[in-house]
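Undergrad: Chain residues, written in single-letter form:
There are 2 protein chains.
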Amino acid sequence: MPRGPKKTKLIRAATLADVGRMAGVSAMAVSAVLNGARTSSRIAPETRERIREAASKLSYRPNAAARALANRRMQTIGVAAVIEGGELNHYFLEVFNGILEAAARHDQNATVFSLHDWARDPERLHRFCDGRIDGLILLAPAFREDHVALPAHTPFVSIHANVPLPGVLNIESDEERGAYEMTRRLLGLGHRRIMHLAGPDGLLGPARRIRGYERALANQRSAGPALVVSAGFHASEGRDAMRHWLRRHGKGELPEAIFCVNDGVAIGCIEALAEVGLRVPEDVSVAGFDDSIAARICVPQLTTVRQPLRAMGGRAVEILLTRITQPGTTAGSTDKSVVFPVELVTRASVAEPRGAAPAGGRA
Amino acid sequence: MPRGPKKTKLIRAATLADVGRMAGVSAMAVSAVLNGARTSSRIAPETRERIREAASKLSYRPNAAARALANRRMQTIGVAAVIEGGELNHYFLEVFNGILEAAARHDQNATVFSLHDWARDPERLHRFCDGRIDGLILLAPAFREDHVALPAHTPFVSIHANVPLPGVLNIESDEERGAYEMTRRLLGLGHRRIMHLAGPDGLLGPARRIRGYERALANQRSAGPALVVSAGFHASEGRDAMRHWLRRHGKGELPEAIFCVNDGVAIGCIEALAEVGLRVPEDVSVAGFDDSIAARICVPQLTTVRQPLRAMGGRAVEILLTRITQPGTTAGSTDKSVVFPVELVTRASVAEPRGAAPAGGRA
DNA sequence: CAAGTCTGATTTAACGATACATCACTCCCC
DNA sequence: GGGGAGTGATGTATCGTTAAATCAGACTTG
Numbered sequence: 018m019p020r021g022p023k024k025t026k027l028i029r030a031a032t033l034a035d036v037g038r039m040a041g042v043s044a045m046a047v048s049a050v051l052n053g054a055r056t057s058s059r060i061a062p063e064t065r066e067r068i069r070e071a072a073s074k075l076s077y078r079p080n081a082a083a084r085a086l087a088n089r090r091m092q093t094i095g096v097a098a099v100i101e102g103g104e105l106n107h108y109f110l111e112v113f114n115g116i117l118e119a120a121a122r123h124d125q126n127a128t129v130f131s132l133h134d135w136a137r138d139p140e141r142l143h144r145f146c147d148g149r150i151d152g153l154i155l156l157a158p159a160f161r162e163d164h165v166a167l168p169a170h171t172p173f174v175s176i177h178a179n180v181p182l183p184g185v186l187n188i189e190s191d192e193e194r195g196a197y198e199m200t201r202r203l204l205g206l207g208h209r210r211i212m213h214l215a216g217p218d219g220l221l222g223p224a225r226r227i228r229g230y231e232r233a234l235a236n237q238r239s240a241g242p243a244l245v246v247s248a249g250f251h252a253s254e255g256r257d258a259m260r261h262w263l264r265r266h267g268k269g270e271l272p273e274a275i276f277c278v279n280d281g282v283a284i285g286c287i288e289a290l291a292e293v294g295l296r297v298p299e300d301v302s303v304a305g306f307d308d309s310i311a312a313r314i315c316v317p318q319l320t321t322v323r324q325p326l327r328a329m330g331g332r333a334v335e336i337l338l339t340r341i342t343q344p345g346t347t348a349g350s351t352d353k354s355v356v357f358p359v360e361l362v363t364r365a366s367v368a369e370p371r372g373a374a375p376a377g378g379r380a
Numbered sequence: 018m019p020r021g022p023k024k025t026k027l028i029r030a031a032t033l034a035d036v037g038r039m040a041g042v043s044a045m046a047v048s049a050v051l052n053g054a055r056t057s058s059r060i061a062p063e064t065r066e067r068i069r070e071a072a073s074k075l076s077y078r079p080n081a082a083a084r085a086l087a088n089r090r091m092q093t094i095g096v097a098a099v100i101e102g103g104e105l106n107h108y109f110l111e112v113f114n115g116i117l118e119a120a121a122r123h124d125q126n127a128t129v130f131s132l133h134d135w136a137r138d139p140e141r142l143h144r145f146c147d148g149r150i151d152g153l154i155l156l157a158p159a160f161r162e163d164h165v166a167l168p169a170h171t172p173f174v175s176i177h178a179n180v181p182l183p184g185v186l187n188i189e190s191d192e193e194r195g196a197y198e199m200t201r202r203l204l205g206l207g208h209r210r211i212m213h214l215a216g217p218d219g220l221l222g223p224a225r226r227i228r229g230y231e232r233a234l235a236n237q238r239s240a241g242p243a244l245v246v247s248a249g250f251h252a253s254e255g256r257d258a259m260r261h262w263l264r265r266h267g268k269g270e271l272p273e274a275i276f277c278v279n280d281g282v283a284i285g286c287i288e289a290l291a292e293v294g295l296r297v298p299e300d301v302s303v304a305g306f307d308d309s310i311a312a313r314i315c316v317p318q319l320t321t322v323r324q325p326l327r328a329m330g331g332r333a334v335e336i337l338l339t340r341i342t343q344p345g346t347t348a349g350s351t352d353k354s355v356v357f358p359v360e361l362v363t364r365a366s367v368a369e370p371r372g373a374a375p376a377g378g379r380a
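Respectively, the protein sequence lines represent chains A and B. Sequential numbering from 18 applies to the first sequence in our numbering. Sequential numbering from 18 applies to the second sequence in our numbering.
Everything labelled a hint here was simulated from the structure, so no lab data went into it. Predicted model only: the values in this text are computed from it and were never measured. Certain hints may be false.
To be verified - Okay, the calculated bits of chain B under chain A, using three or more residues with CB under 8 Å as the criterion:
{"id": "1", "stretch": "67-80"}
{"id": "2", "stretch": "111-123"}
{"id": "3", "stretch": "135-145"}
{"id": "4", "stretch": "301-307"}
{"id": "5", "stretch": "358-365"}
As the list claims (entries may be wrong) - Here are the simulated EDC-like cross-link-like pairs (lysine to aspartate or glutamate), alpha carbons at most 20 Å apart as the crow flies:
{"id": "6", "chain 1": "A", "residue 1": "K268", "chain 2": "A", "residue 2": "D218"}
{"id": "7", "chain 1": "B", "residue 1": "K74", "chain 2": "A", "residue 2": "E140"}
{"id": "8", "chain 1": "B", "residue 1": "K74", "chain 2": "A", "residue 2": "D147"}
{"id": "9", "chain 1": "B", "residue 1": "K353", "chain 2": "B", "residue 2": "E254"}
{"id": "10", "chain 1": "B", "residue 1": "K353", "chain 2": "B", "residue 2": "E369"}
{"id": "11", "chain 1": "A", "residue 1": "K74", "chain 2": "B", "residue 2": "D257"}
{"id": "12", "chain 1": "A", "residue 1": "K268", "chain 2": "A", "residue 2": "E288"}
{"id": "13", "chain 1": "A", "residue 1": "K74", "chain 2": "B", "residue 2": "D191"}
{"id": "14", "chain 1": "B", "residue 1": "K268", "chain 2": "B", "residue 2": "E299"}
Glycine included, every Cβ here is placed at the ideal spot set by N, Cα and C.
Please build the complete structure, drawing on both the sequences and the hints.
TA: Have a look at this one:
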């Protein structure tokens, strides 16, 4: 009795030639049947069957390396990202999931390059790219180097690039509009003094969020002055920035609402407020950005801005693939960037200001 | 003036032969200098220099596919995982980070295979494995199929396998001990009636946690009877299970402490308790498992069990690599499993039962 | 001074798959 | 019954790299 997978030849995986020998045909015929879809050559149905049978009997598997060498295509796209263990992980996972889904649809693989210690060994990124992947997606939120010596022979797109990458198509969300809408929402509820806990300096994304915030304030007469406080991307930085501010200014000058650069910072901010007995949203409204998992777990749940991260990841793959298959033509898009819309998510951390009337005490 | 990277030959990346031609030597000499470390062949320092210069002038990059074909090594390990967008992502990211770090140390790449729709197309996993990766790490927490037709020609280890995979080395943490220690901790604080909100049925990990819990109760006379309630892995399942229990039994039979199968379930559990006006830890102590990000974000912060996830991921890579380089020998470990210790993390969600003195100096 | 030892490189032959050109053969039709 | 068509397969070259064997000189040594 044949017991399924035989151990007869565990020595070496079967090749096309092996299958061909067994089926009494040449390796090319096997290739045509098993892998080739678009070859000109036709194989008789009966032979096809014989070949398929032999292949399954030998449990033949195509060798990706050999195929890649012959095709000049690895069927693999690379994802370079800073994969943090902290609050930012939601971002990576959502985008990455989008990438994986799209990649699977096109029968591509995805391999990940961690930019953690990029600065320590920039050469590694090149070793990663060259001849190993067909294209690269740079997932850039925490990536701030401006002089990335990018692989010249590898098609390339970025998502949420935080520094200008000349000549690179960037996939981004409309962060400015998100910040604008969120600020307008806060204004609409009656808040006047609205603070912005901002991200790291010198990055494109945080700058856009500041711009949206400032534009919304400028558009409304009744709004208080812009009040931008630098924090960072992490909860601890949000907490520290808020603590520091509270120590310097005291509760007297407290804004009615705080719009934070992301959910992590918002959570840190709420923590700092709680330390001095201030409650959210009763005493202060706090809004985040990103709609991370944390936004639904923390108390109170965060009003925030959602970006279509999965869709963005998927789009990156699509664009990359058209660029790979149709090089030369600036395929997929002639633009320098693709912008996705964002969406306000309303939860408990934002409410009307205390008392129905304008709080009045201006600074 | 030569302007750095020339565009002269964007047509095709330079090969060994190209470099050799430029340096006036053969391709093999170039290979020996640029890539070979252990070849028997020696090259004169002066020639070395000339070759290196030519290589950099042509910005030569080795072609991974060709090298892989010649070496029968892809320098790539595969990671198969269910990558959830939800609370379990922390798990994946920590392990994956450990994998990436270790892989980078050994100059290996990591490519990810999503098991999301594994059942819909089992063949995909094979296509992913064969001839594309040197070894596979199955990251298995949410993976429950028992009849994985695993690639016969690919070295293989699993992490936290939740079903027995015959003949596969499994890397696991001492979940039973973690559950045991946590339950003992609760008992030590004076709790008697302790409930366990358990994970999905039929999985190894959750079963171990139940065993640890039951063993701790059995070892202590004063302990109440074991009370195991099935929940799942997700916050929503924890919430629903607890809601359901509360509706059926009411607050009268409420346990003094609830040990949950993971942090997500603990968070859901706290939510359900809050809905009926019960506070944690004042009315009930709640403990989680995993020390996810959520455990530090939720209110109150969770007392939980930490597993050395990064280290486990790293270890998986090390074992896999020794198996790859020394096949035949059951290298790295002859055992069926490698067990990592766990660690209790004390936070606010667990306190002494109501009635006991409020403990001036905390533990 | 012939034979052996280093040194420094080259040749040759895979690795496994694919593209393109070619070839043998049957059939059909005028 | 010989010249296309049309089928169904095979040969050959190639992709870029590496391992093992080989080779040309210069230099030592008995």
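Undergrad: For the pair supplied as a hint, K268(B) and E299(B), is the alpha-carbon distance within the 20 Å limit?
TA: Distance ~14 Å between K268(B) and E299(B) Cα, so the pair holds.
Undergrad: Sort out whether E254(B) lies within 20 Å of K353(B), counting only the CA atoms.
TA: Roughly 32 Å separates the two Cα atoms, so the pair is violated.
Undergrad: Within the stretch 135-145 of chain B, is the number of residues with a Cβ closer than 8 Å to a Cβ of chain A three or more?
TA: That given contact holds, which follows from 4 residues of the stretch 135-145 of chain B lying within Cβ reach (below 8 Å) of chain A.
Undergrad: Using a Cβ cutoff of 8 Å, are there at least 3 residues of the stretch 301-307 of chain B near chain A, or does the coverage claim fail?
TA: violated (count 0)
Undergrad: Taken at face value, is the distance from the CA of E140(A) to the CA of K74(B) at most 20 Å?
TA: holds, 16 Å
Undergrad: Please check whether the stretch 111-123 of chain B has three or more residues whose CB lies within less than 8 Å of a CB on chain A.
TA: Check passed, 6 qualifying residues.
Undergrad: Quick one, are K268(A) and D218(A) close enough, alpha carbons at most 20 Å?
TA: violated, 26 Å
Undergrad: Can the restraint linking K74(B) and D147(A) be considered satisfied, given a maximum Cα separation of 20 Å?
TA: The given pair, whose Cα atoms are some 16 Å apart, holds under the 20 Å limit.
Undergrad: If you draw a straight line from the CA of K268(A) to the CA of E288(A), is it 20 Å or shorter?
TA: Cα-Cα ~15 Å, so holds.
Undergrad: Cut-off 8 Å, C-beta pairs, minimum 3 residues; does the coverage of the stretch 67-80 of chain B by chain A stand?
TA: n = 4 at 8 Å, threshold three: holds.
Undergrad: K74(A) and D191(B): Cα distance at most 20 Å?
TA: violated, 41 Å
Undergrad: Hey, K353(B) versus E369(B), does the alpha-carbon distance stay inside 20 Å?
TA: violated, 40 Å
The structure fails hints 4, 5, 6, 9, 10, 11 and 13 (numbered hints given earlier, in ascending order).
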